[in-house]
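S.K.: Heads up: the sequence shown runs through residues 6 to 381, numbered per my numbering.
Calculated from the structure, these hints are not laboratory results.
For clarity, every value in this text was computed on a predicted model and none was experimentally measured.
Be aware that a few hints might be false.
[Stated by the list, open to error] Label-pair restraints from in silico Cβ distances:
#	residue 1	residue 2	range
1	Asp-300	Leu-220	28 to 38 Å
2	Asp-300	Arg-278	21 to 31 Å
3	Thr-339	Thr-375	21 to 31 Å
4	Gly-97	Gln-73	37 to 47 Å
5	Pro-230	His-257	18 to 28 Å
6	Pro-169	Asp-224	39 to 49 Å
Beta carbons: idealized from backbone N, C-alpha and C, even for Gly.
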Amino acid sequence: MLVPVTIGCAFAADLTLRMLPHDLFSFRAWEATRTPGEDAPFIRNHRYHSDRTYGNLAAVGNLRAFRQYRSVTFTTDELGYANAPDLARRGGAAAIVFGSSFAAGSELGDDSTLAAQLARQTGRTVYNAGGGDPNFAEIRWLARRLVAPGGLVILEYPERGDVPFITPVHVTHRTARCREVIAPRLTGVCSVLGWLARHAAVSPLQILAQRGLKLLQDDRWLPNPYAGTVLQARLRDGQGMLFLAQERVAFHLAAPDAPAVRYVRWLDRKLGRENFRVLVVLVPRKYTVYAPLLDPPDPGPDQSAPYLDRVEQGLRAAGIPVVNLTARFRAAATAALGRGGAGGGSIYFPDDTHWNAAGAALAARDIARTWGGLEP
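Build out the structure end to end from the sequences listed, making use of the hints.
M.R.: And the structure:
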């Protein structure tokens, strides 16, 4: 009798907890607000706040001692992107930023995203459309709706990032397909189905159980099976730094630059016909920036910086303006050695794969400088 009752109670608890907001069970905004398979990358009109956010590397590797807690507020607009609530309604932006989680800035908070800092530095309206995986039709739709004619489309491209298929066909997401099947006047049904799918995919009870187990998997009570996914290293000044282990492997492997160059050239031609200009921002991986500064330094060969250089050269040959942050970030990381403190003067979070506010600010300055040079 005890076993069926226990199973029933666990089932009821799991079902009840799935109805609650993901904010209550997430250690950072990315997990709490993501909407995979829906129209936008994040929950619409949502405000996430936590005073105990920490890095994804400390979480992935189950390295509690490396956590650096910080306060983050992450707000989304009516379209499901990380902007002030009224920005989408205003329209007429001077630029729009597309890109990865670096551009989205969920680790940084509202005032420190790349788009927010670029807007402050230039005095112009910059819309943040980062964090998704848009195809050309979605990029065009957002640019037409939000950007003034002749405006700038900024593409943040992370090192060795996946390149979308070259196709003008609009490949719809799950929610959009639902609207097409059910009928436009019943779009509320599709939103409800999206909510149900999102909550059905996440089990807070499982999350809580895993956290309890991970407390024991600390290499004292039980072995830590996750530690191998993360590289624990030190810089020359003694500062501890975490990296994805696979980034060190990729650092030594050559990668073809042609797919990225070919896609951006194609996208530039398509957007040029829409009276938009394209500017590409190449963002190096964290290990690429800090490999020369490790103690001991990575012996090489360095295949990452040459890869980004080749992408830059291929795009410049097509007349596409590029901001390659590799050299600038390496110089800034070198200059920051020895500053001390939690994270010192680093430009990436020590416990996360992403840049911090200082790194995003440095990127925004370089973008603003290049943008200014594009003016007629």
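S.K.: Please go over all the hints and tell whether each is borne out by the structure.
M.R.: Verification of the supplied hints:
1. For the hinted restraint 28 to 38 Å between Asp-300 and Leu-220, the CB-CB distance of approximately 31 Å keeps it satisfied.
2. Our hint of 21 to 31 Å for Asp-300 and Arg-278 is violated, since their Cβ atoms are close to 51 Å apart.
3. For Thr-339 and Thr-375, the Cβ-Cβ distance of about 23 Å falls inside the hinted range of 21 to 31 Å, so the restraint holds.
4. For the pair Gly-97 and Gln-73, the beta carbons lie near 39 Å from each other, so the given range of 37 to 47 Å is met.
5. For the pair Pro-230 and His-257, the supplied restraint of 18 to 28 Å holds, since their beta-carbon distance comes to about 25 Å.
6. The hint said 39 to 49 Å for the Cβ distance between Pro-169 and Asp-224, and at roughly 41 Å that hint holds.
Consistency with the previously given hints fails for number 2 only.
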